[in-house]
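> If you read the protein sequences in the order shown, they are chains A and B. Going letter by letter, the first sequence gives residues 1 to 233 in the UniProt record's numbering. Going letter by letter, the second sequence gives residues 1 to 233 in the UniProt record's numbering.
Don't take every hint at face value.
Identical copies look the same in the list; a pair holds intra-copy or inter-copy alike.
Calculated lysine-lysine pairs in the DSSO-like style (CA-CA distance at most 30 Å, straight line) [unchecked claim]:
(1) LYS52 to LYS129
(2) LYS72 to LYS141
(3) LYS133 to LYS143
(4) LYS175 to LYS118
(5) LYS148 to LYS179
Read the hints as simulated data drawn from the structure, not as lab findings.
Number of protein chains: 2
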Amino acid sequence: MDSTTNEGASSSSSSSYTHSWTYDVFLSFRGEDTRYNFVGHLYNNLVQKGFKTFIDDEALKRGEEISSALLKAIEQSRISVVVFSENYASSRWCLDELVHIFHCKEQLQQMVFPVFYKVDPSDVRNQRKSFGKALVDHESKLKDNMDKVLRWRETLTKAANLSGWSFLADGHEYKFIQKIVEDISVQVLDSTYLDVAKYPVGIDFEQPETPISWKTCLQKMFEIAFCMSSSSY
Amino acid sequence: MDSTTNEGASSSSSSSYTHSWTYDVFLSFRGEDTRYNFVGHLYNNLVQKGFKTFIDDEALKRGEEISSALLKAIEQSRISVVVFSENYASSRWCLDELVHIFHCKEQLQQMVFPVFYKVDPSDVRNQRKSFGKALVDHESKLKDNMDKVLRWRETLTKAANLSGWSFLADGHEYKFIQKIVEDISVQVLDSTYLDVAKYPVGIDFEQPETPISWKTCLQKMFEIAFCMSSSSY
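Using the sequences and the accompanying hints, generate a full structural model.
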């Protein structure tokens, strides 16, 4: 297993970076907006497709700082999917998470895909509407740490400039989620191919398994049994 | 295939009743509340589990009367799942649909299960809050046809007295949906068993298929191949 260690790459985490991905997908989202509906369904679809997916527990977002467990999970994820929703930017934990995701993107070539869930990408990019209000609120509370807020702003702009998916409540959520999962499957297969070339030894990334029906399985078994019994006479 | 014909059982439909179910599940719901989110996900999960599921098109709920296509679909469904949401009762099409569903329950032993999606079953049962307001509105508009409104009220009460599922936005939607689909699977298996006893010839209902992974399938095939090759020596 190829492994690259970059200790101290994150000022807020004591963990080390490594390419031995533990998760296929890390989900970044605002719990109060989407945990029990959209993101829950997205998580379920990813898991059903065979992706090892990290979804945080509410308990990991308490206290002043984002937890080291959460930072480590981001570092151990091949892909981060960031679900921007109405109140994403009002959470400093979400914004810190986003900064760390971009750190991993730059340092570990982690793939990052934004999902704009009922928000306009341009409002995220330019911090307008709920995103604008949230950042102004943060600025008023963090007057001694304006660098931090500036970093949040820059990272939101970078994230909104990436390719992703946009949902504006005018279609079926389940079809939108299916599209995301299909696109991620393609990306993972592509990147696995690249990784195999780059790290030819000990790749431990598991391909998502495609489920088949028992009927198809039995059919295949009978075909084999028939071939074998024919050849033995 | 056993088939029972009850022509004229519905005054608003020219179709005939039959036990040759075309659909496993008919979904009754208020489009503007749940079509693109909750019901969409429920539909997708049912289909993925192998259930032939009827979900209406918005176009079927135009005009004065509920369309004959919709009535026929109800009659051809083994199970009706009625998703009560905030604005369900303000739609006369939904209420007419519900009355027809109960007609099929009584005449064809169709199974009916209510889902209370962010509404209290007792508000449906006693027509309070949004359900109360909707029925009062209908009464003010249908002064010459109070029998119709009374039938709607009685049917709402009957529906809310049935066993079903209740979701009050304090848990994961996807887990709630999984529970519904699992329970329906059990009900369908049970009723299929009963049907087999009752109608021993020509049952065309398809059992939902349980998907397995290719890995498991290959394992089974190798086991068979190994057994057969061992026995041929």
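> Which earlier hints can't be squared with this structure?
1 and 5
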